[in-house]
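2 protein chains.
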Amino acid sequence: MATKKKRTKKGISELRQDLVSGDWVVIATGRARKPHAFVGKPAAFGQPVSNCPFENPFSVKEPPLLRYDYEKQDKKEGWAVAVVPNQFPAFTRGECGEFYENGPYKWTEGVGLHELFITRGHKKYIQDLSLFEITTLVKAYKERYHAIVKEGCVKYISIFHNHGKEAGASIAHPHSQLIALPVLPPDVYKSLKGSEKYFEKNGRCVHCDIVAHEVKAKKRIIYENKKFIAFAPFVSRIAFEVRIFPKSHQSSFDMMEDKDFQYFAEALQTIIAKLHKGLNDPAFNFFIHTAPIKNSYHQYHWHVEVIPKTAVWAGFEMGTGIEISTIMPEDAAKFLKKIKIK
Amino acid sequence: MATKKKRTKKGISELRQDLVSGDWVVIATGRARKPHAFVGKPAAFGQPVSNCPFENPFSVKEPPLLRYDYEKQDKKEGWAVAVVPNQFPAFTRGECGEFYENGPYKWTEGVGLHELFITRGHKKYIQDLSLFEITTLVKAYKERYHAIVKEGCVKYISIFHNHGKEAGASIAHPHSQLIALPVLPPDVYKSLKGSEKYFEKNGRCVHCDIVAHEVKAKKRIIYENKKFIAFAPFVSRIAFEVRIFPKSHQSSFDMMEDKDFQYFAEALQTIIAKLHKGLNDPAFNFFIHTAPIKNSYHQYHWHVEVIPKTAVWAGFEMGTGIEISTIMPEDAAKFLKKIKIK
Chain A
0 MATKKKRTKK
10 GISELRQDLV
20 SGDWVVIATG
30 RARKPHAFVG
40 KPAAFGQPVS
50 NCPFENPFSV
60 KEPPLLRYDY
70 EKQDKKEGWA
80 VAVVPNQFPA
90 FTRGECGEFY
100 ENGPYKWTEG
110 VGLHELFITR
120 GHKKYIQDLS
130 LFEITTLVKA
140 YKERYHAIVK
150 EGCVKYISIF
160 HNHGKEAGAS
170 IAHPHSQLIA
180 LPVLPPDVYK
190 SLKGSEKYFE
200 KNGRCVHCDI
210 VAHEVKAKKR
220 IIYENKKFIA
230 FAPFVSRIAF
240 EVRIFPKSHQ
250 SSFDMMEDKD
260 FQYFAEALQT
270 IIAKLHKGLN
280 DPAFNFFIHT
290 APIKNSYHQY
300 HWHVEVIPKT
310 AVWAGFEMGT
320 GIEISTIMPE
330 DAAKFLKKIK
340 IK
Chain B
0 MATKKKRTKK
10 GISELRQDLV
20 SGDWVVIATG
30 RARKPHAFVG
40 KPAAFGQPVS
50 NCPFENPFSV
60 KEPPLLRYDY
70 EKQDKKEGWA
80 VAVVPNQFPA
90 FTRGECGEFY
100 ENGPYKWTEG
110 VGLHELFITR
120 GHKKYIQDLS
130 LFEITTLVKA
140 YKERYHAIVK
150 EGCVKYISIF
160 HNHGKEAGAS
170 IAHPHSQLIA
180 LPVLPPDVYK
190 SLKGSEKYFE
200 KNGRCVHCDI
210 VAHEVKAKKR
220 IIYENKKFIA
230 FAPFVSRIAF
240 EVRIFPKSHQ
250 SSFDMMEDKD
260 FQYFAEALQT
270 IIAKLHKGLN
280 DPAFNFFIHT
290 APIKNSYHQY
300 HWHVEVIPKT
310 AVWAGFEMGT
320 GIEISTIMPE
330 DAAKFLKKIK
340 IK
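From first to last, the protein sequence lines stand for chains A and B. Read in numbering that gives the first Met the number 0, the first sequence has 152 at position 153, and its numbers run on one by one without any break. Read in numbering that gives the first Met the number 0, the second sequence has 16 at position 17, and its numbers run on one by one without any break.
Don't take every hint at face value.
The list treats identical chains as one, so a pair stands whether inside a single copy or across any two.
[Unchecked claim] Derived DSS-like pairs (lysine-lysine); straight-line CA-CA distance at most 30 Å:
no., residue 1, residue 2
1, K189, K339
2, K246, K105
3, K337, K40
4, K341, K105
5, K246, K40
Hint data in this document are derived by calculation from the structure and do not stem from the laboratory.
Please take these sequences and the hints and turn them into a complete structure.
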């Protein structure tokens, strides 16, 4: 039976359990470092603009999936955000996959979609985008998500962004990606089931309860606006992890309304800009976690996880699935909250 | 319903499901590379021997947990393998932890053990060890495991090894680590449950069935001796992943007999040496997966997973738990099998 206790002894690690997935993380206070110890070399890397395939995303054989142009008041012309099929896809369009046997094993064809969201400007990163540009990027995420979710074979759509080689980016020109999958990913399934279980027990959305607790506790909140809130999770998987939630309950990313794009864009850009300034341009990933379809898992609550590459996951993490973070999320939040970006 | 099919079309990815954990991996054949494309810069990194804390592991305040000396016939003197407590532990010895509440969250103190297995020689890596040295290292793993598993609060013992900075090593001097945990790690629990489910359905150990299938299929086996077998898993999480299994059924690492140490040592060293030679000293991790206690989860089958850092896990992998490998495990196995190391 769990009892209340404020804090552990100095130098003793804390094992914290994610109440949605059930996963554990270690906050290794005995190895804790000051926020400034995480400042490293910039993750942005050079690639000649002359060879960049994203300078003219309309040169590929297939037509773009989406194209948004600048508007009159923008003092710029032509395309601002383009969505195109990935020319080296991990998943390809095809007929709904069958499941095959290979001895005791099971496999299916990688039928799905792999798309790229390209913003204008070879070295214009998330934090450099104008409000029109970042809002249009978010609008493009939603528009593609909404179009694809209706396709038959698709079980889950993952939207993500990699910045820096350490975070897996191979093309320097800033871009986000979308992969539509023919299976429900195991990590997502676990969280969906976890939120379902919590709902059955408590009659409430677990993430709504978490957000309400964070608002009350105050100490992990980094940023909020009218519609979105960003905080360092109690169970941070890595130093300076940030999660961004819509304040009102929405199970699926597909439920975000047009009038909220700007609020989401501002929250996302603010968090990236704070990490960029505070940690000197760290490599990072962000991704959206969402209920797979609008009316399934109504008790889930979509959100974004931002994961700066402040550590390497080694043998222990891979052998157990337990991740070690070397800063208290409360200290990371305090540091990021203070960073002024404008 | 799954049906049989030999192979997918060229350029189409395969989604393969792990029949123990239920997890999916992507073998992205459309992005496939030749084995030689994975050859990179050596992962071994320099640190002055004069400052190396592992040159004399007996200088720390606490006495060593284990010390094995060279034997007469070895032409060397003094210690060969030492086990000492980690001076910067992620888990610390203490009373059995209670579980505490913090608002909606649950946490416990990081009570456990964190130990280091140090082999003699600042630049003597796994592949360079003599048969006596590598066998003694394996013996030390088992001896510490056996001693700790009896301790009350310990729910799981993870033994692992990190080589190279990209794989999370911070001290250059070769060493393995042991962490004893007060909780059962979620990834391990999932595999234990998966093997239990398979046993209930089929009356056999899932890993025994996998090994039998691999022996019959031949195409993924890299190495075997009288007691151990190593192969590229059908569901490789990363290019050139290798798993090493005892051929006869043993649920727990603690069940390995003294007479088998040498066979295990040879299998482990051979795989590391093949990766070292074939991929030019890649960074890697290996870890042991085992049933937590001797007589629990009798249907499980302990093994080692060797994970070379041939890719970076990015936003997609972190957002879904699905990993993308860019070489067919069958091709990786063929390449590694051919590498001559002696």
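Which holds for K337 with K40 at a C-alpha limit of 30 Å: within a copy, between copies, both or neither?
within (21 Å within a copy, 40 Å between copies)
Could you place K246 and K105 in one of the four classes (within, between, both, neither) given a Cα distance threshold of 30 Å?
Answer is between: at 23 Å across copies they meet the 30 Å cutoff, but 40 Å inside does not.
Since the copies are identical, ignore which copy is meant and state whether K189 and K339 lie within 30 Å (CA to CA) inside a copy, between copies, both or neither.
neither (37 Å within a copy, 43 Å between copies)
30 Å Cα threshold - placement of K105 relative to K341
Cα proximity of K341 and K105: none, with 52 Å in one copy and 37 Å across.
At most 30 Å between C-alpha atoms: does K246 with K40 qualify within a copy, between copies, both, or neither?
neither (34 Å within a copy, 47 Å between copies)
Of the numbered hints given earlier, the model fails hints 1, 4 and 5; all others are met.
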